[in-house]
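Position chain B against the provided structure of chain A, taking the given hints into account.
Chains A and B are the protein sequences, given in the same order.
When the letters of the first sequence are read in order and numbered with this note's numbering, they come out as residues 6 to 207.
When the letters of the second sequence are read in order and numbered with this note's numbering, they come out as residues 263 to 917.
These aren't lab readings, by the way, just hints derived from the structure by calculation.
Be aware that one or more of the hints could be misleading.
Using 35 Å as the maximum straight-line C-alpha spacing, the simulated DSBU-like pairs for lysine-lysine come out as follows [unchecked claim]:
1) B/Lys764 x B/Lys507
2) A/Lys137 x B/Lys733
3) B/Lys561 x B/Lys507
4) B/Lys771 x A/Lys195
5) B/Lys733 x A/Lys199
6) B/Lys771 x B/Lys507
7) A/Lys124 x B/Lys507
8) B/Lys507 x A/Lys195
Just so it is clear, the structure is predicted and the values come from calculations on it, not from any experiment.
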Amino acid sequence: MSSAVLEQFRQIGRDLFVAGVISSHGGNLSVRMGDRILITRRGSMLARLEERDVIETGLDENDANVMLASTEINVHRAIYQGTAAQAIVHAHPPYAIARSLMCDEIVPIDSEGSYLLHKVPVVHTELTAGSKEVADLLPRWLKDYDIVMLRGHGPFAIGHLLEEAYQLTSVLEMSCRIMTIADGFSEQIKEYRKGSDRYDTW
Amino acid sequence: MVTPPDSALRPLRGLRLDLSQRTSAVEELPAEVARRWLGGRGLGAYVALRERLYAVEPLAPENLLVFAPGPLTGTGAPASGRYSVTGRSPLTGTVFDGNSGGMFGTALRRLGWDYLVVTGALDEQGYVTVGLGPSAESFDGPGGVCVHSAGELRGAEVPVALARLRELHPASEAAVIGPAGERGVLFASIVNNRGRSIGRGGLGAVMGSKRLKALVIGGRGEHRPPVADPERLAFIVYEAEKLLKANPITSTALPEFGTSVLVNVLDQAGALPTRNHRESRFEGAAAISGEALKRDHVKRRSACRGCIIGCARRTEAGGQSGEGPEYETIWAFGAQCGVSDLTAIVQANYACNRAGMDTITMGSTIACAMELTEVGLLPDGPRFGDARAVLDLTEATAAGEGLGAELGYGSARFAARRGRPELSMSVKCLEMPAYDPRGMKAQGLAYATSNRGGCHLRANMLGPEILGVPKMVDRFATLGKAGLLINLQNLNAVLDSLSVCKFTSFAMKEDYFARQLAAVWGEPVEPQELLLLGERIWNAERLFNLAAGFTRDDDTLPDRLLHEPVPAGPSAGQVVDLPPMLDEYYISRGWDEAGVPTTAKLERLSLVEAAADAGVVPGVRRHAEAAAGDGGDAVPGSGASSGDPVAASGQEAGS
Chain A
6 MSSAVLEQFR QIGRDLFVAG VISSHGGNLS VRMGDRILIT RRGSMLARLE
56 ERDVIETGLD ENDANVMLAS TEINVHRAIY QGTAAQAIVH AHPPYAIARS
106 LMCDEIVPID SEGSYLLHKV PVVHTELTAG SKEVADLLPR WLKDYDIVML
156 RGHGPFAIGH LLEEAYQLTS VLEMSCRIMT IADGFSEQIK EYRKGSDRYD
206 TW
Chain B
263 MVTPPDSALR PLRGLRLDLS QRTSAVEELP AEVARRWLGG RGLGAYVALR
313 ERLYAVEPLA PENLLVFAPG PLTGTGAPAS GRYSVTGRSP LTGTVFDGNS
363 GGMFGTALRR LGWDYLVVTG ALDEQGYVTV GLGPSAESFD GPGGVCVHSA
413 GELRGAEVPV ALARLRELHP ASEAAVIGPA GERGVLFASI VNNRGRSIGR
463 GGLGAVMGSK RLKALVIGGR GEHRPPVADP ERLAFIVYEA EKLLKANPIT
513 STALPEFGTS VLVNVLDQAG ALPTRNHRES RFEGAAAISG EALKRDHVKR
563 RSACRGCIIG CARRTEAGGQ SGEGPEYETI WAFGAQCGVS DLTAIVQANY
613 ACNRAGMDTI TMGSTIACAM ELTEVGLLPD GPRFGDARAV LDLTEATAAG
663 EGLGAELGYG SARFAARRGR PELSMSVKCL EMPAYDPRGM KAQGLAYATS
713 NRGGCHLRAN MLGPEILGVP KMVDRFATLG KAGLLINLQN LNAVLDSLSV
763 CKFTSFAMKE DYFARQLAAV WGEPVEPQEL LLLGERIWNA ERLFNLAAGF
813 TRDDDTLPDR LLHEPVPAGP SAGQVVDLPP MLDEYYISRG WDEAGVPTTA
863 KLERLSLVEA AADAGVVPGV RRHAEAAAGD GGDAVPGSGA SSGDPVAASG
913 QEAGS
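Pulled out of the complex, with its shape left as it was, chain B reads as follows:
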């Protein structure tokens, strides 16, 4: 591998905004931090662990939001125009990051910032601008930071807020919350221009708790993200795009149908969760498929900046128009609720987009309510198949009205309050998405071990278990897949930190990302080094969660998936035999039987000091008693660390 002469690997330059004090400050992290944590999710995990967010209430002013693009953002690498937001989730209690496309990440880098940290809370609702020039309400400090009264934006829906901010600040990019975030819905999203969302774990509610309606940054910065060897990068990008164009998933299926192409695929495999995961095939699948969406609702394709895949969709339904829905959204409001009315599903998606809410959790929480109705615990509640109820409850949740006010806490708390916690189809309080683990067993292990709860974006075994990427494995086999899953988890941590779209990995292996990064940095980067880096990020997140009170007991699945066989279809009779999979996973991870990284593993990952700072001691079963906290709600891991962190803030964890 050729090594370009001048390194572009530089210290990370960040801007910290303290909303309470109305101050800003420049901070710099050594280039070694960039080398070990990259940016995006990795940098967020590093900051969250270093600043001990596991001991902070998620909705307290002390919780942080770390906005961070990655080293490939804005460089021309395929599908790399992304950024992450990290904080402690009010829904799960875990460390939590989400990432999103659009232009926000590139704009941040062009302003010369590798990351922004937002802490504290405003006295009253407002929005903050960065790099857009001074105003009467400037922060004390660098970065051109100003606070503005929310004014007419108070309570504004997401598209309205984004449009108005673009009028007020023409050359800007904004990340906003909708009414759901202002109201504290625990699965509220942060949405940036082009309707791209930081979804799932409720970081929008964290932003709302800071009374921060929007973060608006200058869109015409002149700092071009450094690329040490542009010619080399162009060569690697050309070779990478050859693979993307040759792969039928990235060149045909996703561009033509979007992610919703998966409805029929998962249904035919018997892995499409239906009616709150009671079944794994849906008789209405064809009516809500990607093919039906394309035929009846799609108006045109769209793409994130710099992406040649172009999986996004502009759609119309019932006189409304908007972005999406994605596959998981169609599933959540469709099969999971027993609804085959695609128009209603698309409209429910629009309602979530307007309010700034996660669609997976919204749909699955409604499905939970539907089952509670069936078992007689929710008089006059919604029933499976009722499309009108799905729409009404989505709107009610956004408005905080009636039953919607309860649904805004997510299915785990809702089901617990109604006396049937096992009817929440969630892991660590995060609703699982559209892949039934009884039909793809390693996906169950992926959900159980995910650091942010029931999530397909930490690792999706759809590739090896259904699509044959990288190769097809026996989807019903229980053992022998832990290593494959771990590699996928580590790789995804890398992709989220670079920050590039995971869909590129359908066609490209880790060596392509290493070569791109080597060209950008001008330093050799081995693919294995990237995977080790991903392993470090994964273990850092694990340390955070252990310090927050999570235990092996939280690495599990809803009882239904463990004990209720699929009634019919290709996965008939299947359940997930999780304990042996978990044992194999822990051993393969280098963790002890309690799920704590061993000393040898921590040493290999340079995380010994970080573990000590977090009070995590290998070989000691800990915090089991803390897992039932948070006022009796079914919230695992909500106990604050009992450790006594001593390492000085500002030092690199693990250095």
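Chain A extracted, bound-state conformation:
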């Protein structure tokens, strides 16, 4: 693993924690390197990643390192196998998780979220962490959307780079915060976006 790649893991991991979208040991990151993947270690603290916290293992085949990999390794593998993702960010943003408990899709009302997301599907499974069910379900959705919310658990975002996937995660959480604040006013929103009534068809 090159120092540049490790630095990307360190920066994004630290930012996720500082932004409040993961707990001390929550979330996971990975990047694809051909037929290998680099993924954060099970139980690692994303805000304090060291070289030993980023595990290299096979994309299609297990090796000894799989013992150390994130509990979500099978989900990450399935996403890489089913999409053209080069990087994955999975976090636990509280406002987005709360919103996912109440709806089947998140349609932002703010400008940034509208531009970048239009809508984020909310999917659900019985077993939410590292399960085969999740591994089967998410890649199908991530073919059409770069970020998908797993109800009660958190979003999986993909990109060509970790930073892209992080941006989507960050924008989703900000959009959900704004929606929560707006909900508190109990007022009708004055629509400012032409065509926003079709965002649910995105």
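Same frame as chain A, now just chain B:
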């Protein structure tokens, strides 16, 4: 995603013109071909591989030219009024496509054709009309195809030919060659109305070898390109244009300055190749910048049909006027030749436009001559900084006179003949454009692995390495960027096949293109499916080149970039450490160490039969001995396939 009820995904309807036999024939490719290859470049690669053009001499009558718009052409999608031309390049020996704006592609679709294939050669120089009514010299077959004597068009410069054809055939769109194409200059272009060029690889010379001065098609066809869900398309286009208007590259920089806005950006990064790539900053950059061009020469903006970016320019210089120059042209005649006289650069651009020649190869070949002069191998040759020499040699190349006759073969052959092949700044005989890989390392990998040679249009790492699109990466880092490059290569293959302008991808990701195509076809299209499709096209082109004799040894860069550190500036001391990048790239591509797609990769892309037909066997290092062919010129991959193709023509490769 909503699925409209009625699919508009239909079989592709093509018209094949055999110039030798003077016949035309309708052919139809199944809708599955459209689904797998789209149109434009993808369709061209499909046809080129299926018809085994790798075994055909580029300037022989058997070489084909495939004129193909894409499924978005003429639909109202942003910047989609484009078409491609594909054939085997006489400059590189690779499969080669170029694409262009203007109205030609839309007109072709409105005639009801998804593509035209031109094969054979006329007995004497002429031009061909399609869909413009009968004449005494009609082809035997459908499509209203007629041949006309070149007459007064013989030797005519491009603007003259286009204007005269518009007079002769008022409701038409034309694709013509200039004197360079007639003369066989290996980097001659095909130019259509509005001065838009199919440049770089010399498909104009292929057209010239067919004695075809112009292809003129009816401009008032009544077949509207089918759109299954116009309302949905309008919604997606509105959302897409919001992004284009919000992005400062597509909303401000390109409209205000055109592509030449990059001169100062690349110079400040230490990635502006200067004096035949000996340096990477140019002391005259400000004088030839986009800002200077706007101040002193630009008269008005112009745009391809249906484009809201509008990066083109009408300019004036020294009493002449015309289109351009683009950034790469300013660089080629400017920094690469050490010239800071912008008027001369603009005029050299006009000269190329008149003659129908690629400006990048022309400028870089002159720069090669300048260095050969400096090292004493070209007595009385041109010297760096000599603006007059740049103009004179451009004119001489168009006319085939003096040293210009040699320059018309491009820098690789020219430098080889003068005994210093390493002084050609080219990859697979195609001159690299205006981005020095020593200042943006993944661009070196992009050039080395490009399927059509040293080219920024297969993938330009300018985005992630300089402009921060989609995100900024360390431009000097060697490893960890192969995946990013591959995605870009695959995406560009998709854009060239749709056919839309690559500049839209500064603001839009692949999902926007998938949604547009889904609305046009009326069928679900996943962004990932598009990228897989782009990967298929890329690998099909790779199979073609392997069958043509190219090997891993051809995936390289000029020795200068690998071993001569940049002498000064922000990239001082940098060289390109290519071998580890290439290893990472091959692994990420799913290719073996020889650069051959593995069986697993071919299966995933449904290319197993196509590979077998091309005689490409995974795991077997092949054709290394064939790479030195073509009469001793420095032309890689010129050996014809040693395979024995058996699959019947007309079947879909990989089906």
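ask   = Against which earlier hints does the structure fall short, listed by number upward?
value = Per hint list: zero violations.
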